[in-house]
Amino acid sequence: MTPHSAAAAFPPVDQHYLLQARQMQALSFSVHIPLVAFGLSFPVMVLLVEWLGHRRGDQLYLTIAQRWSKVMITLFAVGVITGTVLSFEMGLLWPNFTGTFGSVFGLGFTLEGFSFFLEAIFMGIYVYGWRRLSPRAHMLSAIPIVITGITGSLLVIAVNAWMNHPVGFSLRNGKVVHVHPLRALLGNSFLWNELIHMYVAAYIVSGFIVAGWYAFCRLRGRWTRYERTALTIPLTIAALAAPVQILVGDWAARDVAKTQPVKLAAIEGLYKTTRGASEHLLGWYSDNKMKGAIVIPHLLSILTDHSWNGTVQGLDSVPASQRPPVNVVHWSFQIMAGIGTLLAFVGLIYLAVWIRRKRLPNSPWFYYLLVASGPLAVVALIAGWVVTEVGRQPWVVYRVMPTAAAVTGAHGIPVGYGVLAFAYVLVASGLAWVLRRLARRPLDVSLEPPSQLQAA
Amino acid sequence: MFLQSLPLVFILAGVALYTVLGGADLGAGFWQLAAARNRDGQSVREFAHRAMGPVWEANHVWLIFVLTVFWTSYPKAFGSIMSTLAIPLFIALLGIIFRGAAYALREGAATPRESGKIDTLFALSSILVPFALGAAIGAVATNRVPVGNAAGHMWSSWLNTTSILIGVLAVATSAFLAAVFLAADAAHDGDKTLERDFRLRALGSGVIAGAIAIAGIFVLNGNDHALFHSLESGRALSAVIVSGLAGLATLLLVYRRRYHMARYSAALAVAAIVAGWALARWPTILPGLSVDQAAADHDTLVCVVVAVLAGAVILFPSLALLFRLTVTGRFRDAERGDPRAATVARAKVNVGLLARIAFACLIAGFGLLNIADATWAHAIGVTCLFGFVGAAFRAIVAPALDRQAAT
Chain A
1 MTPHSAAAAF PPVDQHYLLQ ARQMQALSFS VHIPLVAFGL SFPVMVLLVE
51 WLGHRRGDQL YLTIAQRWSK VMITLFAVGV ITGTVLSFEM GLLWPNFTGT
101 FGSVFGLGFT LEGFSFFLEA IFMGIYVYGW RRLSPRAHML SAIPIVITGI
151 TGSLLVIAVN AWMNHPVGFS LRNGKVVHVH PLRALLGNSF LWNELIHMYV
201 AAYIVSGFIV AGWYAFCRLR GRWTRYERTA LTIPLTIAAL AAPVQILVGD
251 WAARDVAKTQ PVKLAAIEGL YKTTRGASEH LLGWYSDNKM KGAIVIPHLL
301 SILTDHSWNG TVQGLDSVPA SQRPPVNVVH WSFQIMAGIG TLLAFVGLIY
351 LAVWIRRKRL PNSPWFYYLL VASGPLAVVA LIAGWVVTEV GRQPWVVYRV
401 MPTAAAVTGA HGIPVGYGVL AFAYVLVASG LAWVLRRLAR RPLDVSLEPP
451 SQLQAA
Chain B
1 MFLQSLPLVF ILAGVALYTV LGGADLGAGF WQLAAARNRD GQSVREFAHR
51 AMGPVWEANH VWLIFVLTVF WTSYPKAFGS IMSTLAIPLF IALLGIIFRG
101 AAYALREGAA TPRESGKIDT LFALSSILVP FALGAAIGAV ATNRVPVGNA
151 AGHMWSSWLN TTSILIGVLA VATSAFLAAV FLAADAAHDG DKTLERDFRL
201 RALGSGVIAG AIAIAGIFVL NGNDHALFHS LESGRALSAV IVSGLAGLAT
251 LLLVYRRRYH MARYSAALAV AAIVAGWALA RWPTILPGLS VDQAAADHDT
301 LVCVVVAVLA GAVILFPSLA LLFRLTVTGR FRDAERGDPR AATVARAKVN
351 VGLLARIAFA CLIAGFGLLN IADATWAHAI GVTCLFGFVG AAFRAIVAPA
401 LDRQAAT
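As you go down the protein sequences, you meet chains A and B in turn.
Take 1 as the starting number for the first sequence in this note's numbering and just add one per residue.
Take 1 as the starting number for the second sequence in this note's numbering and just add one per residue.
Bound conformation, chain B alone (with noise of 0.2 Å):
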């Protein structure tokens, strides 16, 4: 039980991760789209922009890090999910192709205008995703995902009142994300007037983000009781409210500009949500199976927390690193300077022997791949064709840039 549920824990976390982080990129988009067509609005797009840019891949790669994780775990319940709400998620990759298209394109921008227009094109893209992947969690939210290839409904899955009311919502919680992200990042910056509009539309998407989830709760008690009943009763009900109180907090730790702060409380609303979400549903993925009936071999969940757990140790660090360098500013402000050689005296190239051991290890590359029929000979053969590659580029490069230097 308790490991056929560690998985689930993993993906919600991952899910949390991506609300929040995936979240606030395409809410940056969401921004540029609402910025004005003129200075002030340009100078909105770019900031967003060199503040998402050297985070973007990883941010989006907690997606890629859920879907893996569940088929792995849950391959029956990964199937039934993908098949009947092929649609909305289909809609959300399109969505991450051009949102991902935007940020290759940019490198290519010569003028502000240019990456306005690029910007403006891509930025659409920003509200699809998260009301896409919203009304998706809204389907399966509301039992309307059953087990079986494309056993669901294609459209009335995920376009019904409470689906759409959970898109809308994403929608608005990744424009407030990124707007108490972007404020953070621009007061850190010491740039004042960015600073001001980005706390402004914090507060604004904030009340507005707020008022699409009060609003919701009457919604699901028309529409979907089930839901509803199970939001308000028991353990699901103390995550709802720790994630309304964190969101409040948020709002005034914003006020206050407190922002640093801000991010943890932000991220706390999501994570709490998420969670109320997983315990309304416990013990249940889909309607008619459990989360023990859903999950893998015994083997294959041991393999799977061992490798998020070890993935884990070397990823968080390194995770942390990037922060900490785009955090502190390091990467924003960084424009100036050139790289410069450091002058090492070098060691000679002794081109005659490098090329004696580049035969050698071809010859015995050869009929170890492919005369022999071992495996281990094969293995080593394979070896010294690299070393013949290695060995013959030595010889061969050094004395033929030595001589391009010269002439």
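Chain A on its own, in the form it takes in the complex (with noise of 0.2 Å):
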């Protein structure tokens, strides 16, 4: 593969509204991205739920799952919706991204669009299932959409990886030769840390606003036994997942600073190639010079290249209209780094009290904490999402095609934007009424433990 020469399917065209274009597609993205991360691992905290219920024979916990399930079918159906709009995208938007490249990575679609069936036939048979099926059968019938959860978002982060990391063909006068769908996809260094980084967020996300939800809850004086059970399992998750993120993190850094030095650059806001490079805390980056921010000494070559003197590539290593927007890129991760420090802090305080006391928390400012936490982790996703995505313009294929000559030559990009986002709103507010109403449903359980355990 050669970089910088130029392939498209169509000969470029002049689309007045590129950015316009880009924050459509971003916006689709911010609305999709949360969804994925409850469907990833929301079915998992679901199933848990249905299987200790059994397994403790406690009435309770099938209450907590089966309200939990109508939740998970509810986000799922609006995630059909805003995933179908970004499959329509892919064409509508960026015709001649998928014009030339889509018999390279469209195989990855194809598959997830596979796994993606199966998970709404069984996301459908385990929500109304649930007086039908045995408890084994019903059970069984979530594994299949655990299991696509993950090759589903395997397949659509394969994507991501390979333009990232583009892989697995050839270029030859301008016309992209030699395609090999699986090793572009597969054969992809970049795509496990970003699945990991990603599979581990989803459960800090979904876990995290769960838990908040009890947490307000109590906060508002409803604590009864099904609010701390609800409480206590996907607090759990959450406490547990958000440390080993920030291990995981350290690693996609570094495999970022291998394969996209340009993207750790604007990360850091670092524009000379430097050896003992410093870390940049907060401040802003103008004139080619982090302003105002927090100097640590040779921490990001230690970080990046486990050595004191190691070298960090700079901006300065590529021209100017081939580096991304750096205080975008450099914010949010700031904004995603913080936010996973401050909750991988919030789950030590609950894991310490459990250790020390064996008991939750009990001041009402953990509480608080824990409310803010749910939002505080999706805005960290989508920050996340927005290094990833906006570090590796101006390509649309990491130095291979511009994201200036996918874009559609169609008039009228304006006018979809408003409308998408229009009805997004529509949709966004449809959800939350939803949610509402199925919180406020009244409890027919009866509170008490089963008797064996009063006993113990």
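Note that these hints are calculated values from the structure, not bench results.
Among the hints, erroneous ones may be present.
Stated by the list, open to error - Quick list of in silico lysine-lysine cross-link-like pairs, BS3-like style, CA-CA up to 25 Å:
| hint | chain 1 | residue 1 | chain 2 | residue 2 |
| --- | --- | --- | --- | --- |
| 1 | A | LYS272 | A | LYS258 |
| 2 | B | LYS117 | A | LYS70 |
| 3 | B | LYS348 | A | LYS358 |
| 4 | A | LYS272 | A | LYS289 |
| 5 | A | LYS258 | A | LYS289 |
| 6 | A | LYS272 | A | LYS291 |
What the hints assert, rightly or not - Partial list, derived from the structure: chain A residues whose beta carbon lies under 10 Å from chain B:
| hint | residue |
| --- | --- |
| 7 | LEU52 |
| 8 | TYR61 |
| 9 | VAL78 |
| 10 | ASN96 |
| 11 | PHE117 |
| 12 | ASN193 |
| 13 | ILE233 |
| 14 | TRP251 |
| 15 | ILE355 |
Given the structure is predicted, the values throughout are model-derived calculations rather than measurements.
Backbone N, C-alpha and C fix where the C-beta goes; we use that ideal spot for every residue, glycine too.
Each of the two chains sits in its own frame; use the hints to bring them together as a complex.
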């Protein structure tokens, strides 16, 4: 593969609204990604609670699992439509990207389509089958949902990893030849850290959002065994996943340093290629310098290269036209890492209180923090994707096809953008209404634990 | 040549399945919109929703299947179609958003009045989607989409007599399919009133769809003589005749209350017209672009074919299971009884041991993922970290839940 050579199915067009097309795509991703996070992790939690219910012989758990499964399918239904939007936009906004490289990366989506199809089928069976399938058959019907959640995200992230690290094809006279779609998608070193990072993030997002809801209930004075149980399970998962994510993130950053040094330079606002580079926290990048940042000498070299004086490539290694917008990338990274650290801290408080006192924290402050953690986790998730995607700019296929060459020649992008944004506002308010309704449905389960437990 | 056209066969099969299954769903929305604002109308809307609810997502994934196989196998044709037909496809997309949202919102509706309102609010989209997609197909069929990035006309490509006619035909066909399917469901449930209602709707909409199709032949002859000519000559003609006969057979079967057979003959009518359309165009996809020229590289096509066949082996049994559970009505009349917890003897959780395992996994994971540099070390490191979360979760959650049950 030769970088910097132009490849395109169609000649370039003059699209006045490229930025709006990118924003429309970003909006569609930002709406979809939190739903993906739920789709990945929430079925596991629902199944876990159902399994605990059968194992402990406790009706309350089944009630929780059943009520959660209603939320699960509602979020899935919304995820279906936001996902459909994304697959339409592949052609509606970026016909030259799909038209040129569809044969290279498209297989990922074809396979993902099947994975998604199976997920939809078993989602229907699981959620509508509570009262009609035996407990064993019912729990078994959730297994394909868990597996297809993983395979689906693996395949989509494989496409994203390919965009960031394109392999598996050659260019000859601007034509894509020698296509090896499996090597392009699965033989890609970039895939694994992106996938694991996203997978762990999914548990953090849904764990903190669900736990945050019951923390909110507690602050409003509703604190029965139902809420305590429904808070403990997701909170334990999120509290363990959040510190692990810091380790996974460190791994991902080292891979970015290796394969996309310019992205790392943008994350850090590092203009000059430097030996023994310093880490910059906060600050603002202007005139090729980080201003007002907290500087920790040598830390960047230690983190990316594991050496005191390791060389870190700077933005000056590529022409100005090939650099991403530094402050967007830098600040998205600060937000993601900052929130990630805060969430790990929240998790550690919970774990420490449990280990020392064998109970949940009592302070209302902890519960206020927990309520805030859910939305913050979503912000961190989106910020993380901004780092990956804006950090890839100005390329849609890294160092092969500029985003500007991929865009549609069709008119009316701002109209589509506005209409879609409006439709999403409607869908989001509808979703909020449904979730409130589902939460307010009366509980018809005894809050008493089963008798053999009371004796214990 | 064979390999190059195989994905096209999959795509057309997907289009036919989406027209039948997705069309039935959208048509159900059409009847929800058309239902009277009284208690009878409410029961129609409620029934249509219950019949479609469990299969809605599965039905709509056919569209995703068509899109992804298309852009993988014939990227250049896909880019040309999507860019020139951005407007009707965006309108269809909006319709799908609102139709899907209606299903999600329905979960929260407490009273029939509320769900009726939600249905009405979103049922408009059930007309938009088939119309816009039908008009887009019309644009391709009449050679109004050239190769290139938005190279065709943004409006006149799909807003012309023929395309509009195909759009209207798509709406009528959806309504017809839905009425046949819902009459079959009602007959299965033994609901005489609903069965009678939907039987009448099926007969009425079937006659209208047929009339539009026949009118279409005259319109085509006048406006798009090339398409007319390719449809009435040779290979395509037989498919068109099969479609017409299957449509007539469906009407007859519905009239005689043989709904189960009617489902299949209706599906055949749709599949035959899709096949006829493809045969009429063969071997070109777009003007000046043959199937062979548009097809992706050899390796990609092999992968797509293997993926689709392997996927089908897993998919169809699963789909059959879902349909068996829904069509036999097991999901529709299942709103009674609670899931019961089976009491099983519990194994004691050894908290101390789990905690030590968790700690060891954490240290090993950190060392292998964050200190070591080899790829294999990273793989084991990630596994160790998942082991840490699993072991620590069990060590914490079992005693925590016991404690909550006890206090």
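Hint check:
1. A:LYS272 to A:LYS258: 17 Å, holds
2. B:LYS117 to A:LYS70: With a Cα-Cα distance of about 21 Å, the restraint between LYS117 (chain B) and LYS70 (chain A) holds, given a limit of 25 Å.
3. B:LYS348 to A:LYS358: Answer holds: LYS348 (chain B) to LYS358 (chain A) is near 18 Å, not above 25 Å.
4. A:LYS272 to A:LYS289: 9 Å, holds
5. A:LYS258 to A:LYS289: Holds, because 23 Å separates the two Cα atoms, which is no more than 25 Å.
6. A:LYS272 to A:LYS291: 15 Å, holds
7. LEU52: 7 Å, holds
8. TYR61: 7 Å, holds
9. VAL78: 5 Å, holds
10. ASN96: Check passed: Cβ of ASN96 (chain A) comes within 6 Å of chain B, closer than 10 Å.
11. PHE117: Hint holds; PHE117 (chain A) Cβ to chain B Cβ min 4 Å, cut 10 Å.
12. ASN193: 8 Å, holds
13. ILE233: 6 Å, holds
14. TRP251: 5 Å, holds
15. ILE355: Given a least distance of 8 Å, the restraint on ILE355 (chain A) holds.
Going down the numbered hints, you'll see the structure goes against none, and every one checks out.
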